[in-house]
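Chemist: Residue numbers (my numbering), protein chains in the order written: chain A, 67 to 270; chain B, 672 to 841.
Just to be clear, a hint being listed does not mean it is correct.
Estimated spans, in silico, between C-beta atoms of each pair [claimed, not checked]:
| hint | chain 1 | residue 1 | chain 2 | residue 2 | range |
| --- | --- | --- | --- | --- | --- |
| 1 | B | Ser749 | A | Ala142 | 30 to 38 Å |
| 2 | B | Asp688 | A | Asp84 | 19 to 27 Å |
| 3 | B | Ala792 | A | Gly240 | 35 to 43 Å |
No lab work stands behind these hints, which were simulated from the structure alone.
None of these values were measured; they are calculated from a predicted model.
By construction, the Cβ of each residue, glycine as well, lies at the ideal position given by its N, Cα and C atoms.
Chain residues, written in single-letter form:
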Amino acid sequence: MDGPGPLGPVTVRASQPDRGARIAGLVSAAREGNEDALGQIVTELSPLLWQVARATGLSSGDAEDVLQTVWLRLVAHLDDIHDSAALIGWLVTTAKREAWRVHAAGRKQLPADQELLAELPDQGPGSDEQVILDDQRRMLWVAIGQLSKRCQDLLRIIAFAPRPDYAAVAAALGMPVGSIGPTRGRCLAKLRALLASGPEGSPR
Amino acid sequence: MMVSDAGGRPSADEPLDDADFGLLDDIRRLFEAADPMPNDLPERIRFSLALRDLEIEVARLAAEEDRPVLAARGAEQSRTITFDSDSLTIMIRIDANRDGTVRVDGWLAPPQRREIEMKTAAEALTVASDDQGRFAFPRVLRGTAQLVVRPAGQESSGGGRSVVTPALIL
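With the rest of the complex left out, here is chain B:
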């Protein structure tokens, strides 16, 4: 009834046969059921790869913290997320606005003036950080979003690479 060879035990040295491929198909189906990848993940990844930047430096998610804050009406969440790349640390705080959008406050370390883009499905917002590395997006639509820190000026030693974060859900 189960997979078996008429000639006895299957040997490790034989070439893969149809029964092996069938078994691997079954294993794939098992793990697709037992540990499915979230359906929307490839879509989110495709969103984050739609970049016009050719030279990129990847900022990894380093820490994420949810903190309840006392808002005017009940408890609201404030999220703090830190991303690290080889040359830059990006920290952002996300707070809910009353109109359903969110406010994103950010800091770059080491502090520096850079052009920063917040890419969402609906729009791309661009702001600049100040000398202290601070920047803010007062109103961002909720949903999938990605930050892109554009290259520093040619005169700086940082080179021409954009620092990009993974897609996050605001």
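This is chain A alone, in the form it adopts within the complex:
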């Protein structure tokens, strides 16, 4: 089915289809010492790593430390990485490991994740269009909340990944082959079934 997704028209980011190829180009430039290329990779992929770190339940401050450590470690490993999938796989695996390292060290822990899914930030009153949008956002939020924690984390993180690298990200998260990309996978199929069954299917 084509047409609008649940939140209005599907907006494909202009950069999306070429994102993987662009990142691969930036990786080889960064390996040759191009500081700006490395900086662009940081800007491009930090939001993905932020979600990886936060999904483990780290506080904001700890998640910031994890991201800094991951990127610094990448500088020492850049010679071993040759394409976008390898880069993203390495970054996600390392972010997850560094996050669990912080958990294991027992530094200022906070069960951020449980609180997170409990409440959607209030955007305040808006136009009629905004109200409809908010309602649809809430339905999606409620549906996501009905998935298993593993599925929630997978979809939350995949949503920030470049399309060609879904499978690499899923593998780095320890999900089985085929959990997402090139096929839909169980988590996304379940979410679509929940959304199709409408609000009556979701306890309020």
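Following the hints, position chain B against chain A.
Modeler: For chain B alone, coordinates are given in the frame of chain A:
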């Protein structure tokens, strides 16, 4: 109204379609609103990656403690931060100076003489640690800063790697 297939329930084995990509875009927007990454984080990371050192060893933040100290005028904070790398522990204490700058006192363990750089947006200050591994930067501008411990001499077994900390905010 919501995403649904005319042919019934979407199957897990089908290839990803436009509705899936639209849904993932929506999920991304949800989490961008619910759990946004701090805006200035990529900038701080880019700052910490601007290194002229080729071989680096990463020092992780191991502990951070804020302690109120009695200063001449009211309570001031003294911060102690510890970084650990494979070969070195770096501990620093940050105290406010009266002129708005900060003083940074540090210790290296195991104790050793090394050249230490404090990189800030405005300047790069370099000092040396003594035999006990002590070093001090008496006046550092507030803001984003990073410590780089330069490689030990060739004669030592430590090798040619610089130990770098993440960017911190003084």
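Chemist: Hints first: check each against the structure and report whether it holds.
Modeler: Comparing the hints with the structure gives:
Judged by the Cβ atoms, the range 30 to 38 Å given for Ser749 (chain B) and Ala142 (chain A) holds: they are separated by roughly 32 Å. The supplied range of 19 to 27 Å is met by Asp688 (chain B) and Asp84 (chain A), whose beta-carbon atoms lie about 20 Å from each other. About 39 Å separates the C-beta atoms of Ala792 (chain B) and Gly240 (chain A), a value consistent with the hinted range of 35 to 43 Å.
The structure fails none of the hints (numbered hints given earlier).
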